[in-house]
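Going line by line, the protein sequences match chains W and P. Numbering follows UniProt numbering, in which position 67 of the first sequence is assigned residue number 67; successive positions increment by one, without gaps. Numbering follows UniProt numbering, in which position 343 of the second sequence is assigned residue number 343; successive positions increment by one, without gaps.
The set of hints was computed from the structure by calculation and includes no laboratory data. This one's a predicted model, so the numbers in the text were calculated from it and none came from an experiment. It cannot be assumed that every hint is accurate.
[Claimed, not checked] 20 Å max Cα-Cα, derived EDC-like pairs, lysine to aspartate or glutamate:
#  : chain 1 : residue 1 : chain 2 : residue 2
1  : P       : 451       : W       : 79
2  : P       : 451       : W       : 139
3  : P       : 451       : W       : 56
4  : P       : 312       : P       : 107
5  : P       : 369       : W       : 59
6  : W       : 118       : W       : 139
7  : P       : 327       : P       : 492
8  : P       : 220       : P       : 265
9  : P       : 369       : W       : 56
10 : P       : 434       : W       : 139
11 : W       : 30        : W       : 172
12 : P       : 457       : P       : 366
[Claimed, not checked] Chain P regions said to be covered by chain W (calculated; three or more residues, Cβ under 8 Å):
#  : segment
13 : 457–464
14 : 514–520
[To be verified] Selected chain P positions facing chain W (in silico; Cβ < 8 Å):
#  : residue
15 : 439
16 : 440
17 : 449
18 : 453
By construction, the Cβ of each residue, glycine as well, lies at the ideal position given by its N, Cα and C atoms.
Here's the letter readout for the chains.
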Amino acid sequence: MNNSKLSVKDLDFYYGDFKALHNVSMEVEKNKVTALIGPSGCGKSTFLKTLNRMNDLVEGSKVHGTILYDGEDIYGKYDIIQLRKKVGMVFQAPNPFAMSIYDNIAYGPRIHGIKNRKVLDQIVEKSLFQAAIWDEVKDRLNKPALGLSGGQQQRLCIARVLAVEPDVILMDEPTSALDPVSTSRIEDLIDELKKDYTIIIVTHNMQQAGRISDSTAFFLHGYLEEMGQTETIFFNPSSKKTEDYISGRFG
Amino acid sequence: MSILLNTQTPVTDISIEALVNSEQRKADTHYRKSKRANTLATITLWSAAALTLAILVYILGFIIYKGFRSDNILETDYINYGTIESPLPWQSDDTIMIVNSDVRLKEINGDNLESLLKGKPSNWGNINEQDLDVIPYVLDTAEGNFGKKTIIKNDVESIAAAVENQVGAFGIIPAADADKIDGYKLNVIPVWSLGIGVSPTVLEIKDNKKMRFIDGDMLKDILRGNISNWQEIGGIDLPITLVIPPAGSYEYNAYLELAGISEDELPDTGISTGNPAEYIEQINKLDGGIGIIQITAAEANDMKTLKYQYRKTGRNIQMWFLFEEPKRAGRVGGVSSIIINTIYMVLLTVLFSTPIGIGAAVYLTEYAKQGRLVKIIRLGTETLAGIPSIIFGLFGFIVFVDYMNLGIGLLSGTLTLTLMILPTIVRTSEEAIKAVPRSFRAGSLALGAGKWQTIYKVVIPAAAPGILTGVILAVGRAVGETAALLFTMGFDYRRVENLNTSARVLSTHLYQLVKEGISFDRAFATATILIVIVLAVNVLSTKLVVRKY
Ligand SMILES: Nc1ncnc2c1ncn2[C@@H]1O[C@H](COP(=O)(O)OP(=O)(O)OP(=O)(O)O)[C@@H](O)[C@H]1O
Ligand SMILES: [Mg+2]
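Kindly generate the complete structure, drawing on both the sequences and the hints.
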């Protein structure tokens with residue numbers, strides 16, 4: 001499968017003694033949007049965070065199995081900084097730093113060694129533009145980012161991820177803290193971004209999953225219950241549990 | 001009510017009603033009680049707050065008031081009465097004193113003027129707390145004993161010119177030549193020369209009573225003839241014998257002015273005499289005698305004088321106090337070098353303590369395993385923060401001054417202060433760092449930043465306001481610290497030249513001023529500067545903190 005960006009095989013994940021993921025295997029296709037759905041506590045966030053190794057920060061966590069990114073094992077020799085640069089992450093609650101809008105976007109590139117002001121200017125403009133927020137902030141780049149609205153902050157955080165030129169973008173319920181208008185702007189943005197990026201998004205919103213994703217993975221109790229084309233999962237699931245969940249019978 | 005009814009199990013109508021009534025009553029009492037408790041709490045809390053505020057305002061207000069206004073009761077041999085043209089006993093004609101306009105002098109008494117002319121204090125310090133050399137000028141016709149440094153001129157104009165141009169210069173000229181100094185920029189100073197002569201009988205001790213001093217009001221009453229017995233103003237039971245100076249004399253005119261009366265209103269009880277020698281003799285001889293007299297004349301005739309008590313008010317702290325160097329144990333001059341020393345001390349202390357404090361806080365919050373060791377360290381810092389500063393001073397003396405051989409000086413002092421305020425900085429910085437949202441760290445790490453990069457570029461800047469608050473708090477403590485510096489920093493009030501020189505700062509200066517009884521006015525002025533510095537630092541820092549994000 002050459003089209004596969006991330007390939008997960010037999011992944012087990014433990015928080016201490018608690019096994020949060022059981023034997024998960026998944027192929028994530030390039031330039032597609034993959035939605036992760038499932039009831040609360042089923043391990044969606046945990047799975048997402050294994051992909052950029054943010055789970056490493058949790059003390060006592062353990063990973064078994066392999067995750068290949070472009071064919072390379074990210075839990076092997078792969079440099080963690082390179083990984084996080086390539087596999088960016090947008091969090092549930094917008095989390096801009098207490099800096100200016102400009103510095104927020106320039107933060108990533110600076111960390112990765114870009115100092116030239118002109119280059120940074122370009123990156124900042126391009127990222128904000130891509131994240132569809134340029135017009136709203138271009139006159140106030142030096143104002144504090146925390147002064148933006150929630151929806152603007154979330155797009156800023158997406159721009160901040162784009163600024164380090166990632167390949168894959170992980171999003172953990174990026175619109176759950178936002179109003180419908182901001183949500184639909186972000187959905188449009190995701191649609192736009194998938195031309196250039198591979199996107200994995202956790203969502204509790206079935207409609208959202210249906211609207212924006214190409215394939216959908218349904219998690220249950222730490223297992224990957226079913227995965228496939230979004231249409232198939234929604235209209236013709238093979239698992240009874242998936243059908244129950246989709247039709248709102250539990251969760 | 002209906003809800004209440006519904007919840008009841010069905011019983012007879014009467015018992016339901018009774019139940020409802022009793023419930024209602026209970027609810028009413030409960031409501032009244034809670035309302036009363038509420039009012040009581042509000043009043044109590046309000047009183048506590050008001051009391052705190054009142055105490056604060058009172059303390060600050062008192063110190064600052066005393067800092068800006070001096071208000072002292074003084075006792076001297078001289079009455080606070082002076083004229084521009086005044087008789088000097090060793091001069092046959094009336095004299096005028098002129099002073100260079102840089103000399104801060106409002107009036108002078110005869111003794112001081114005489115000794116200045118003799119060159120005895122060669123510095124103005126003793127007279128007006130100003131560190132300036134005295135340069136006396138007199139005419140060649142002037143009579144009296146002058147010091148070697150006294151410069152003699154032939155004409156009034158050259159004295160006036162010299163006094164105008166030479167800082168610290170003063171001169172005496174005959175009153176007849178007053179018009180000759182018109183147009184020169186100099187000050188004319190009234191000279192006090194009068195005192196209160198009394199008969200020795202007045203000063204006798206009887207029934208445990210003795211006349212000690214007279215104030216302006218008492219003097220006025222006596223001179224107006226309103227008081228007839230010394231008993232009335234705290235003396236012994238002895239009739240007052242008021243002697244009126246020879247008409248037309250200097251003393252006579254002063255009498256009228258001090259009593260606030262005209263010639264016709266002179267009291268009948270007063271004994272008048274036309275002869276100066278007789279005047280002095282009568283004051284001396286008559287039981288209970290009193291009269292206004294030249295202090296020098298009293299001395300020459302072995303006459304007793306009563307102390308004169310008066311209230312001297314004026315501005316306390318003034319610009320010169322900030323900009324002049326202290327001299328003679330701080331009795332003279334201002335506090336300029338002491339302010340500079342204080343600034344050095346604060347800067348050095350901040351320089352030492354901030355990096356260490358923030359570093360320790362970062363380690364404790366971000367790196368150290370949150371186990372028992374960290375708990376012990378925390379307990380330790382908290383304990384240290386509560387230790388009396390004098391103990392830090394002792395420690396600093398033993399370790400820095402003695403063992404490390406740094407000597408008493410700026411470095412030992414600031415190191416001691418650093419130790420003292422470090423716990424505060426660590427604690428507040430820790431709190432500030434902990435308050436930075438976890439999501440900031442996650443966001444940074446997810447972008448590929450390292451741990452240190454995240455801390456340095458995201459966490460610390462976000463915690464900066466809190467950290468700064470802690471540092472300011474600590475600086476406030478350091479500025480006012482005295483005990484920790486007593487054995488470590490020394491008391492040299494000159495500007496420090498290097499890290500090892502002993503240095504006096506505002507707080508230790510204040511301590512010395514009070515301990516050595518040098519001057520309460522100066523102590524309050526110094527305290528005011530200290531308070532203003534602390535306030536300024538606070539305001540400045542809040543401005544800084546609110547700056548951007
Ligand atoms: N840091 C942690 N330490 C221990 N257990 C954790 C930790 N984080 C998550 N878990 C547990 O792992 C399981 C999966 O959690 P996870 O956050 O992945 O669920 P989720 O599917 O994202 O749920 P939600 O939809 O509510 O966000 C849960 O039972 C949770 O309690
Ligand atoms: Mg989650």
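Here is what the structure says about each hint:
no., hint, in the structure
1, P:451 x W:79, "15 Å, holds"
2, P:451 x W:139, "33 Å, violated"
3, P:451 x W:56, "13 Å, holds"
4, P:312 x P:107, "12 Å, holds"
5, P:369 x W:59, "11 Å, holds"
6, W:118 x W:139, "17 Å, holds"
7, P:327 x P:492, "11 Å, holds"
8, P:220 x P:265, "13 Å, holds"
9, P:369 x W:56, "16 Å, holds"
10, P:434 x W:139, "33 Å, violated"
11, W:30 x W:172, "19 Å, holds"
12, P:457 x P:366, "14 Å, holds"
13, 457–464, "holds (count 4)"
14, 514–520, "violated (count 0)"
15, 439, "4 Å, holds"
16, 440, "6 Å, holds"
17, 449, "5 Å, holds"
18, 453, "6 Å, holds"
Against the hints set out earlier in the document, violations occur for numbers 2, 10, 14.
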